[in-house]
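S.K.: Sequence:
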Amino acid sequence: MNLIKKSAASVLVVATVTLGAGTAHADPVLPNTGTPALAIPGRHEVDKQKALENMLNELGVGWANGGAAGTAIGALMGLGVGCISMFPGSLAGCIIGTPIGAITGAIVGIGQGNPRAQQAIQEYINTP
Numbered sequence: 001m002n003l004i005k006k007s008a009a010s011v012l013v014v015a016t017v018t019l020g021a022g023t024a025h026a027d028p029v030l031p032n033t034g035t036p037a038l039a040i041p042g043r044h045e046v047d048k049q050k051a052l053e054n055m056l057n058e059l060g061v062g063w064a065n066g067g068a069a070g071t072a073i074g075a076l077m078g079l080g081v082g083c084i085s086m087f088p089g090s091l092a093g094c095i096i097g098t099p100i101g102a103i104t105g106a107i108v109g110i111g112q113g114n115p116r117a118q119q120a121i122q123e124y125i126n127t128p
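What the sequence shown shows, in this note's numbering, is residues 1 to 128, in sequence order.
Any given hint might turn out to be false.
Pairwise CB distance ranges, derived in the manner of DEER restraints [as the list claims (entries may be wrong)]:
#, residue 1, residue 2, range
1, Ser90, Lys50, 33 to 41 Å
2, Ala64, Asn126, 24 to 32 Å
3, Gln118, Ala92, 40 to 48 Å
4, Gln49, Ser85, 44 to 52 Å
5, Ile121, Ala72, 17 to 25 Å
6, Leu52, Ile96, 44 to 52 Å
7, Ile103, Ala64, 14 to 22 Å
8, Ile95, Glu53, 31 to 39 Å
9, Arg116, Ser90, 23 to 31 Å
10, Asp47, Ser90, 16 to 24 Å
11, Gln49, Ile103, 21 to 29 Å
The hints are simulated quantities; they were obtained by calculation from the structure and are not laboratory data.
Glycine included, C-beta positions come from ideal geometry on N, C-alpha and C.
Please build the complete structure, drawing on both the sequences and the hints.
M.R.: Right under this line is the structure:
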């Protein structure tokens, strides 16, 4: 029985590493158009509503480009790891592993689907 558990855990680890490998890319740097007339550190000229709309738009693009798939893969990985390795023989590992995997998969999927989503979240948080 231990051989089956170890084999299943090894397959899950190999699948996670293989599916998680990706290529990073960066957007081109835009030329500087000049300095603003009055630059105050920590102050943004964007109001909170526009920042919220931009953040939700960028998160929607990220969700459409990879968030849903990342959530599904993460939930399956969390389910497998939780049920097999955390608490074998009980349902607690499955209950703990599935939502943790789903949340992690959603964050990674949205981040890879739209790299500008993180910038939009930070802009919203830093907008007074």
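S.K.: So, for every hint listed, does it hold in this structure?
M.R.: Status of the hints after comparison with the structure:
1. Ser90 <-> Lys50: 33 to 41 Å: Between Ser90 and Lys50, where Cβ atoms are some 49 Å apart, the hint is violated.
2. Ala64 <-> Asn126: 24 to 32 Å: 25 Å, holds
3. Gln118 <-> Ala92: 40 to 48 Å: Between Gln118 and Ala92, where Cβ atoms are some 33 Å apart, the hint is violated.
4. Gln49 <-> Ser85: 44 to 52 Å: Hint holds: Cβ distance 46 Å, inside 44 to 52 Å.
5. Ile121 <-> Ala72: 17 to 25 Å: Taking Cβ atoms as reference, Ile121 and Ala72 lie about 22 Å apart, which means the hint holds.
6. Leu52 <-> Ile96: 44 to 52 Å: Taking Cβ atoms as reference, Leu52 and Ile96 lie about 32 Å apart, which means the hint is violated.
7. Ile103 <-> Ala64: 14 to 22 Å: Holds, since Ile103 and Ala64 (Cβ atoms, about 18 Å apart) stay within the stated range.
8. Ile95 <-> Glu53: 31 to 39 Å: 36 Å, holds
9. Arg116 <-> Ser90: 23 to 31 Å: Violated, at about 42 Å.
10. Asp47 <-> Ser90: 16 to 24 Å: 50 Å, violated
11. Gln49 <-> Ile103: 21 to 29 Å: About 27 Å separates the Cβ atoms of Gln49 and Ile103, which means 21 to 29 Å holds.
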